[in-house]
Amino acid sequence: AQKVTQAQTEISVVEKEDVTLDCVYETRDTTYYLFWYKQPPSGELVFLIRRNSFDEQNEISGRYSWNFQKSTSSFNFTITASQVVDSAVYFCALSGHTGTASKLTFGTGTRLQVTL
Amino acid sequence: DSGVTQTPKHLITATGQRVTLRCSPRSGDLSVYWYQQSLDQGLQFLIQYYNGEERAKGNILERFSAQQFPDLHSELNLSSLELGDSALYFCASSGGANEQFFGPGTRLTVL
Chain P
-2 AQKVTQAQTE ISVVEKEDVT LDCVYETRDT TYYLFWYKQP PSGELVFLIR RNSFDEQNEI
58 SGRYSWNFQK STSSFNFTIT ASQVVDSAVY FCALSGHTGT ASKLTFGTGT RLQVTL
Chain H
3 DSGVTQTPKH LITATGQRVT LRCSPRSGDL SVYWYQQSLD QGLQFLIQYY NGEERAKGNI
63 LERFSAQQFP DLHSELNLSS LELGDSALYF CASSGGANEQ FFGPGTRLTV L
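Heads up: the protein sequence lines correspond to chains P and H, in order. Take the first sequence: its position 78, counted from the start at 1, is 75 in the numbering used here, and no numbers get skipped. Throughout, the numbering used here is defined as the position within the second sequence, counted from one, plus 2.
Only chain P is shown next, with the shape it has when bound in the complex (with noise of 0.2 Å):
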């Protein structure tokens, strides 16, 4: 079975300070895809980003990175310079690789939340 664990419930920072979310994972397959997902006070999931197995390339992409490492199976995402608009529930997902197998398995998520 999957399992995906965020153990930080809520995280406060004040503007301008970085903030890293940390995302495990559980897996048996040796093809799967990791997800970060958004959720704004406003309600919807806005999706951030999509790694698979076989990248273990950091991404970076403004403000936002991701440091993927199998070795430890985590997937963690760092907002440098935080915003208030960052403010919102992050989920990491992770899913298999085609058919039954895609559908997402979530984390409980992390609140950010960004202060002045």
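Be aware that a few hints might be false.
The list that follows gives simulated cross-link-like pairs (lysine to any residue, SDA-like), each with its CA atoms no further than 20 Å apart [to be verified]: (1) Lys59(H) x Asp26(P); (2) Lys35(P) x Gln39(H); (3) Lys35(P) x Asp3(H); (4) Lys35(P) x Gly5(H).
Selected chain H positions facing chain P (in silico; Cβ < 7 Å) [unchecked claim]: (5) Leu45; (6) Phe47; (7) Ala58; (8) Asn100; (9) Glu101; (10) Phe103; (11) Phe104; (12) Pro106; (13) Gly107.
The set of hints was computed from the structure by calculation and includes no laboratory data. Glycine included, every Cβ here is placed at the ideal spot set by N, Cα and C.
Take the given structure of chain P and dock chain H to it, following the hints.
For chain H alone, coordinates are given in the frame of chain P:
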């Protein structure tokens, strides 16, 4: 805007009633997924359809059913509603790249 639409945005109904939630996937996406987000269960996968056929089932109650029509839109039917069915119901669609794009959700309140 993800390109996935869901109606209605909000739904308030009474216990024992039946409701239908509707989802239109992104243009060209053949897969539709339904998820339920509740305070106690978090985000949970309910069911997946691919080009009109049921592909995978998660923790979907027998009182719930879904279908995907030839034009690829999907409907989730919830019957004999209970207070515990109050939740945010999301639809997501996917093309071939395993990325799932979510609709804005339908907030169901059962009174």
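How the hints compare with the structure:
1. Lys59(H) x Asp26(P): 19 Å, holds
2. Lys35(P) x Gln39(H): Holds, because 14 Å separates the two Cα atoms, which is no more than 20 Å.
3. Lys35(P) x Asp3(H): 13 Å, holds
4. Lys35(P) x Gly5(H): OK: Lys35(P) and Gly5(H) at ~17 Å, within 20 Å.
5. Leu45: 4 Å, holds
6. Phe47: 4 Å, holds
7. Ala58: 4 Å, holds
8. Asn100: 5 Å, holds
9. Glu101: 5 Å, holds
10. Phe103: Cβ of Phe103(H) sits 6 Å from chain P, so the hint holds.
11. Phe104: Nearest chain P Cβ about 4 Å off; hint holds.
12. Pro106: 5 Å, holds
13. Gly107: 6 Å, holds
In this structure, none of the earlier numbered hints is contradicted; all agree with it.
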